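Protein chains: 2
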Amino acid sequence: MRANLDDLVPRLLERQPRAVARAISIVEDGGEGQRELVRRLYPHTGKARIVGITGPPGAGKSTLVDRMARLCRKRDETVGILCVDPTSPYTGGAILGDRIRMQSLYTDPGVFIRSMATRGAMGGLARASRDAVDLLDAAGFDWVLLETVGVGQDEVDVVRTVDSVVVVTVPGLGDDIQAIKAGILEIADVFVINKADREGVERAARDLEMMLSLGEHGEWLPPILKTVASREEGIGEVLAAVERHREHLTASGELDKRRRGHLRLRVETILKERIVAAADRVLGVEREVERGFEQRTDPYRVADRLFSGVIHAEEVEVEGVISPMEERAP
Amino acid sequence: MRANLDDLVPRLLERQPRAVARAISIVEDGGEGQRELVRRLYPHTGKARIVGITGPPGAGKSTLVDRMARLCRKRDETVGILCVDPTSPYTGGAILGDRIRMQSLYTDPGVFIRSMATRGAMGGLARASRDAVDLLDAAGFDWVLLETVGVGQDEVDVVRTVDSVVVVTVPGLGDDIQAIKAGILEIADVFVINKADREGVERAARDLEMMLSLGEHGEWLPPILKTVASREEGIGEVLAAVERHREHLTASGELDKRRRGHLRLRVETILKERIVAAADRVLGVEREVERGFEQRTDPYRVADRLFSGVIHAEEVEVEGVISPMEERAP
Numbered sequence: 077m078r079a080n081l082d083d084l085v086p087r088l089l090e091r092q093p094r095a096v097a098r099a100i101s102i103v104e105d106g107g108e109g110q111r112e113l114v115r116r117l118y119p120h121t122g123k124a125r126i127v128g129i130t131g132p133p134g135a136g137k138s139t140l141v142d143r144m145a146r147l148c149r150k151r152d153e154t155v156g157i158l159c160v161d162p163t164s165p166y167t168g169g170a171i172l173g174d175r176i177r178m179q180s181l182y183t184d185p186g187v188f189i190r191s192m193a194t195r196g197a198m199g200g201l202a203r204a205s206r207d208a209v210d211l212l213d214a215a216g217f218d219w220v221l222l223e224t225v226g227v228g229q230d231e232v233d234v235v236r237t238v239d240s241v242v243v244v245t246v247p248g249l250g251d252d253i254q255a256i257k258a259g260i261l262e263i264a265d266v267f268v269i270n271k272a273d274r275e276g277v278e279r280a281a282r283d284l285e286m287m288l289s290l291g292e293h294g295e296w297l298p299p300i301l302k303t304v305a306s307r308e309e310g311i312g313e314v315l316a317a318v319e320r321h322r323e324h325l326t327a328s329g330e331l332d333k334r335r336r337g338h339l340r341l342r343v344e345t346i347l348k349e350r351i352v353a354a355a356d357r358v359l360g361v362e363r364e365v366e367r368g369f370e371q372r373t374d375p376y377r378v379a380d381r382l383f384s385g386v387i388h389a390e391e392v393e394v395e396g397v398i399s400p401m402e403e404r405a406p
Numbered sequence: 077m078r079a080n081l082d083d084l085v086p087r088l089l090e091r092q093p094r095a096v097a098r099a100i101s102i103v104e105d106g107g108e109g110q111r112e113l114v115r116r117l118y119p120h121t122g123k124a125r126i127v128g129i130t131g132p133p134g135a136g137k138s139t140l141v142d143r144m145a146r147l148c149r150k151r152d153e154t155v156g157i158l159c160v161d162p163t164s165p166y167t168g169g170a171i172l173g174d175r176i177r178m179q180s181l182y183t184d185p186g187v188f189i190r191s192m193a194t195r196g197a198m199g200g201l202a203r204a205s206r207d208a209v210d211l212l213d214a215a216g217f218d219w220v221l222l223e224t225v226g227v228g229q230d231e232v233d234v235v236r237t238v239d240s241v242v243v244v245t246v247p248g249l250g251d252d253i254q255a256i257k258a259g260i261l262e263i264a265d266v267f268v269i270n271k272a273d274r275e276g277v278e279r280a281a282r283d284l285e286m287m288l289s290l291g292e293h294g295e296w297l298p299p300i301l302k303t304v305a306s307r308e309e310g311i312g313e314v315l316a317a318v319e320r321h322r323e324h325l326t327a328s329g330e331l332d333k334r335r336r337g338h339l340r341l342r343v344e345t346i347l348k349e350r351i352v353a354a355a356d357r358v359l360g361v362e363r364e365v366e367r368g369f370e371q372r373t374d375p376y377r378v379a380d381r382l383f384s385g386v387i388h389a390e391e392v393e394v395e396g397v398i399s400p401m402e403e404r405a406p
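Residue numbers (this note's numbering), protein chains in the order written: chain U, 77 to 406; chain B, 77 to 406.
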């Protein structure tokens, strides 16, 4: 693996599309390859403008992303796009549709597009997609656009570790959308009402304003923008708002604070996946669960047993893991 | 805490509403109280019919749940209802609305209703709500109805550990709903098209049938039912379908298989929360993240350090945890 990475990493840093694609596949596959790759590329990250785009199905997110990417290209800025679908374990219809729509960008080497969907491993997608953002950042894309399909806690988790979150909605979703808005309100930095040529756009804007006035926010008041992405209307304003937000983050010191929070979330996710993997290696999660089930043991006791097993077994093994840390410490 | 539980547990087993309410609050608060409570009540669980009700906002889930509960009461069966909102950190509008609508059931001691929303602790809601289901089961409710607000991976996680999942949809959601359906398809045991007096009901049924024919399912083919919950139409059929599903689970041996899977999910969730709590106690997650941020250390290395810290520190401490396990082992 190390030999492969020795070859892959320099090519990725030159933004060679095949190297970027290969690196994302390594991240999707997980394991030691992923860890080593992120370790090597992490020092090269921190330059891209990382933007999450989320909102309910049918809001026109992928069209908006497509038009944002085109406009960036007109300015000669490069764009990496990740479309993430936490609701679907398959590479389902929605993502395929996006891909077809975005096809026109494929031949442009200044744009890289990739879809990611859950591959069995529950909960691993937020980590894998964030690692993929790091790769695109390290590869030198000026913008990284992380688009989610659908809306829910898992989508929120996916976009939670980006610099700026654009929440896209459409007029006429009605009262039913209130529940969705409530969950998403606190992470939105920019609101976009897409399909703004439709009836009900003023009401949608008023509803959002009302919700904003009820919720808490710091110095940054999320702007509410109107777009008709399919006709390329309002796209420049969206990019400008994202850039203003980024300037605000930098000037206020909020960017560092946010990135600390992001690091924390990522670290916790890795810890969680690691304890389950270790428990599985040491005692076998399946075996202990089976035993617990037969004896009608409650889940807390079964977890106690697995946790204890890991603690005892890892005491020696862990030395190998801690040493590279010590090397790095000042 | 133990003294409190000595008093609380017998009252909960008698289904005293105030004891049930108090027990759920303990579960929401987390910590050792929650663990001890679940340990004590777990041997009393396994009798209730546990049904999850999920689907997009506006599908009329709470009305359906309300009518199902009324019908159960007419049959002299008791019902515990949990309304879970993973998308909202506040006890928001949606849940409040449900409560008001369900108010008429409140005076009936055969019905217990409780809302649960995320309380800061990300990801803890699926565990807490499942523990609350155990409490209602132990309290002797014939039915436990677990309703989610919204749709997404987190809602899927909440209903993943129930016996039967009812997915509610409505006519006319259009193509946009495809993405949602795809994620939810594999967990549905019964489909309900609510508001079936609306136009488009036949198309919605055809769409669902099509998706079912494309997807994989075992011996149980999820039925597609039509209801107008607000007029109490089709409710008996929903209960009958759930009962048929339950019979199928028992007869086929699938119930045990499912419950093993549920135990596994719960155990893994507890393990994950525990490693983060331990890392926080031993080294301080905040402190290590801060240090990692300053030194531009990648998240995998920061996680390595925390994990190692827990392994070394817990080696002695953990003995106290393992002993009650050993007592219980045969």
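Bear in mind the hints are in silico, worked out from the structure with no lab data behind them. Bear in mind that the values here come from a model prediction, so they are computed numbers and not experimental data. Be aware that a few hints might be false.
One copy or any two copies: either way a pair holds, since identical chains are not told apart in the list.
[Claimed, not checked] Below, a list of computed lysine to aspartate or glutamate pairs in the EDC-like style, where the Cα atoms sit at most 20 Å apart: (1) 150 <-> 184; (2) 123 <-> 330; (3) 302 <-> 330; (4) 150 <-> 108; (5) 123 <-> 308; (6) 333 <-> 275; (7) 150 <-> 218; (8) 302 <-> 112; (9) 302 <-> 273; (10) 123 <-> 332; (11) 302 <-> 349; (12) 333 <-> 362; (13) 302 <-> 370; (14) 302 <-> 275.
Comparing the hints with the structure gives:
Proximity of residue 150 to residue 184 under the C-alpha cut-off of 20 Å is restricted to the intra-copy arrangement: shortest distance 12 Å within a copy versus 66 Å between copies. Taking identical chains as interchangeable, the C-alpha atoms of residue 123 and residue 330 lie at most 20 Å apart only when both belong to the same chain, with a minimum of 16 Å there against 52 Å between chains. For the homomeric pair residue 302 and residue 330, neither the shortest alpha-carbon distance inside one copy (26 Å) nor that between copies (51 Å) is at most 20 Å. In the homo-oligomer, the alpha carbons of residue 150 and residue 108 never lie at most 20 Å apart, since the shortest distance is 39 Å inside one protomer and 58 Å across protomers.
In this assembly of identical chains, residue 123 and residue 308 lie within 20 Å of each other by CA distance neither inside one copy nor across copies; the values are 27 Å within and 58 Å between. Taking CA atoms no more than 20 Å apart as the test, residue 333 paired with residue 275 passes in neither setting, with 40 Å inside one copy and 51 Å between copies. Taking the shortest alpha-carbon separations for residue 150 and residue 218, only the intra-copy value of 13 Å comes in at or below 20 Å, while the best inter-copy value is 64 Å. When the C-alpha separation of residue 302 and residue 112 is checked against a cutoff of 20 Å, the pair qualifies neither within a copy, at 43 Å, nor between copies, at 53 Å.
Taking the shortest alpha-carbon separations for residue 302 and residue 273, only the intra-copy value of 9 Å comes in at or below 20 Å, while the best inter-copy value is 35 Å. Taking CA atoms no more than 20 Å apart as the test, residue 123 paired with residue 332 passes inside one copy only; the shortest distance there is 13 Å, against 52 Å between copies. In this assembly of identical chains, residue 302 and residue 349 lie within 20 Å of each other by CA distance neither inside one copy nor across copies; the values are 40 Å within and 41 Å between. In this assembly of identical chains, residue 333 and residue 362 lie within 20 Å of each other by CA distance solely across copies; the values are 12 Å between and 40 Å within a copy.
Taking the closest pair of Cα atoms, residue 302 and residue 370 never come within 20 Å of each other, the shortest separation being 58 Å inside a single copy and 39 Å across copies. In the homo-oligomer, the alpha carbons of residue 302 and residue 275 lie at most 20 Å apart inside one protomer (13 Å), although the nearest pairing across protomers, at 31 Å, exceeds that limit.
Of the numbered hints given earlier, the model fails hints 3, 4, 5, 6, 8, 11 and 13; all others are met.
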